[in-house]
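With the hints as your guide, set chain R onto chain S.
The primary structure of each chain is shown beneath.
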Amino acid sequence: MATAEEIARAADRRDIRNRWYLSAPALLTIFFAAVGPLAIVLVYSFLTPGSYGDVKWQFSPEAWVSVLFERDIFDDTLSLAGAHISIFWRSVKLAIITTLITLALGFPTAYFMATRSEKTRDLWLFLITIPFWTNLLIRTFAVLQIIRNEGIVNTVLMKLGIVSAPIQILYTDVAILIGMAYVYLPLMVLPVYASMEKLDFRLVEAGYDLYASRWQVLRRIIFPLVKPGVIAGSILVFIPAIGAYVTPSVLGGGKNMMLSNLIELQFGQGRNWPLGSALSITVMLIVMVALLVYVRNAGSQEVRHG
Amino acid sequence: MAKSFSIRHQPGFTTIAAVCFVALYMPIIVLVVYAFNEAPSTSEWGGFSLKWFQSASQNAQVIDATLRSFQIAAIAATLATIAATMAALATTRTPPYPGLTFKYAMINQPLMVPEIVTGVALLIFFSRIKIFTGYSGLGYLIAAHTAFCIPFAYLPIRARLENMDLSLERAAADLYATPWQAFRRVTLPLLWPGILAGLMLAFVISLDDVVITEFVKSGGQDTLPTYMLGQIRRGITPEINAISTAFLLLSVVIVTLFFFVSRKRD
Numbered sequence: 001m002a003t004a005e006e007i008a009r010a011a012d013r014r015d016i017r018n019r020w021y022l023s024a025p026a027l028l029t030i031f032f033a034a035v036g037p038l039a040i041v042l043v044y045s046f047l048t049p050g051s052y053g054d055v056k057w058q059f060s061p062e063a064w065v066s067v068l069f070e071r072d073i074f075d076d077t078l079s080l081a082g083a084h085i086s087i088f089w090r091s092v093k094l095a096i097i098t099t100l101i102t103l104a105l106g107f108p109t110a111y112f113m114a115t116r117s118e119k120t121r122d123l124w125l126f127l128i129t130i131p132f133w134t135n136l137l138i139r140t141f142a143v144l145q146i147i148r149n150e151g152i153v154n155t156v157l158m159k160l161g162i163v164s165a166p167i168q169i170l171y172t173d174v175a176i177l178i179g180m181a182y183v184y185l186p187l188m189v190l191p192v193y194a195s196m197e198k199l200d201f202r203l204v205e206a207g208y209d210l211y212a213s214r215w216q217v218l219r220r221i222i223f224p225l226v227k228p229g230v231i232a233g234s235i236l237v238f239i240p241a242i243g244a245y246v247t248p249s250v251l252g253g254g255k256n257m258m259l260s261n262l263i264e265l266q267f268g269q270g271r272n273w274p275l276g277s278a279l280s281i282t283v284m285l286i287v288m289v290a291l292l293v294y295v296r297n298a299g300s301q302e303v304r305h306g
Numbered sequence: 001m002a003k004s005f006s007i008r009h010q011p012g013f014t015t016i017a018a019v020c021f022v023a024l025y026m027p028i029i030v031l032v033v034y035a036f037n038e039a040p041s042t043s044e045w046g047g048f049s050l051k052w053f054q055s056a057s058q059n060a061q062v063i064d065a066t067l068r069s070f071q072i073a074a075i076a077a078t079l080a081t082i083a084a085t086m087a088a089l090a091t092t093r094t095p096p097y098p099g100l101t102f103k104y105a106m107i108n109q110p111l112m113v114p115e116i117v118t119g120v121a122l123l124i125f126f127s128r129i130k131i132f133t134g135y136s137g138l139g140y141l142i143a144a145h146t147a148f149c150i151p152f153a154y155l156p157i158r159a160r161l162e163n164m165d166l167s168l169e170r171a172a173a174d175l176y177a178t179p180w181q182a183f184r185r186v187t188l189p190l191l192w193p194g195i196l197a198g199l200m201l202a203f204v205i206s207l208d209d210v211v212i213t214e215f216v217k218s219g220g221q222d223t224l225p226t227y228m229l230g231q232i233r234r235g236i237t238p239e240i241n242a243i244s245t246a247f248l249l250l251s252v253v254i255v256t257l258f259f260f261v262s263r264k265r266d
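Line by line, the protein sequences give chains S and R.
Sequential numbering of the first sequence, starting at 1, is according to the numbering used here.
Sequential numbering of the second sequence, starting at 1, is according to the numbering used here.
For reference, chain S alone in the conformation it holds in the complex (with noise of 0.2 Å):
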């Protein structure tokens, strides 16, 4: 005879077994066509790139060398790519400044946001839930028509005599800046936003009784209870901003690359898939690194509140 524990032990069993089967068809369907083919992107990286395309089965590790150095035709020396180098610092760069401008402008958003009454609140998300969920392709290309020579900023410019011709913004790096600034925005605000709902106005209120300037509380009372978000929402707009394809191709034109360009253009006319396959490694370990970034700050803060 079994007994109860048995009993309740095998009801587990069968309840995780259950669970398991009911998370099966998500899990396989993420695995087959998320997951699993990064492991076939790592192994292409590691092969010869065929004549037309797609790769021929020979080991070499030329695609990884070829992500920074340059072999010289002639005399096989290497040296540092320098249009590789270029993309690579232009992303990272264009990633990191994309970041601080949302937070520049997202924070103080969020915060206006937050301290509006109950009621209104809801409005303000729902202002900023709009643009987060409306096309990103449409609004670069919003972006597109306010900033080029023809567009409303130069027009506006033009008729108040501030400039005598228009200015190039378009395909230039700032235009992608702006753009990418405009489109992930509500990426920074609405973490941001989520933290600074739970702030305790008793604590800052207590900070001013003690004499501390508006500068002091923003930067040792508010700024370390909102962290989290900041933290979140920095790295929600990083993420997407190194990788970022359409805002580059769209308002970058041809010439300001950014890695996702060459990505592409190793699948088109490039033809060296195994260097695409490196260059995407490479994205993903960058994106990694923010994370565990993320992971032991998130981490530390817990630790600290606790």
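Since the hints were derived computationally from the structure, they do not count as laboratory data.
There could be a bad hint or two in this list.
Listed below are the simulated BS3-like cross-link pairs for lysine-lysine, each with C-alpha atoms no more than 30 Å apart in a straight line [to be verified]:
id: 1; chain 1: R; residue 1: K130; chain 2: R; residue 2: K51
id: 2; chain 1: R; residue 1: K217; chain 2: S; residue 2: K227
id: 3; chain 1: S; residue 1: K93; chain 2: S; residue 2: K255
id: 4; chain 1: S; residue 1: K56; chain 2: R; residue 2: K217
id: 5; chain 1: S; residue 1: K56; chain 2: S; residue 2: K159
id: 6; chain 1: S; residue 1: K227; chain 2: S; residue 2: K198
id: 7; chain 1: R; residue 1: K103; chain 2: S; residue 2: K56
id: 8; chain 1: R; residue 1: K103; chain 2: S; residue 2: K255
id: 9; chain 1: S; residue 1: K198; chain 2: S; residue 2: K119
Just chain R, lined up with the frame of chain S:
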């Protein structure tokens, strides 16, 4: 004292917030206004006209891409929502069990990997399968969209489930309901708003996708966003403004519905 001291005030914050809200909406408004422009350029105003909507709605490529977008989004969002509902039932309202963390990580994985990387991975993987099977239909796009829609559908469903305790299901079981009956008559009706919210979210996410679709699609499989990207790269006509306006309207309607559905928390 001239002015009372407000502890909530921070100098300049309201101005920055105002600038942000204006900056967020101004480009979209300009885009919509120029969709109704008679003149064929976006630098001069030639009077109100619906001709760009008309020409877009008669453009065979646009119709084709629109239908394909809706077809993929409808199938992928439905499949993703079913899978996500099952996964949410399997990962909530339970003491931690071995593999639970793995499941969370796996389900959220598509959110962590940059789209470009997933796009490249699927391009390679599916091109292999294409050689093996000879099949090159919409199935690849649907599979890819289903996978990246699952985490989005999962979020609201899981949130809803975590607010429901097991007492009603236990009561049903006490009244001799079979597990299926309890699910069908108790859990499902309570969970329905979450499922609906998940479905809408997944639908919008699928409809909006550019990057993964751009890499996975075979020739002649343009969705509306990839068609628009191609057109924008070639040079812009107000027809794109008209298509964007219609697209925006649809998104706003879905988001508004989503807001109402997910806010109805008893």
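Could you work out which of the previously given hints the structure breaks and list their numbers from low to high?
Numbers 1, 2, 5, 7, 8 - these are the hints that the structure violates, sorted from lowest upward.
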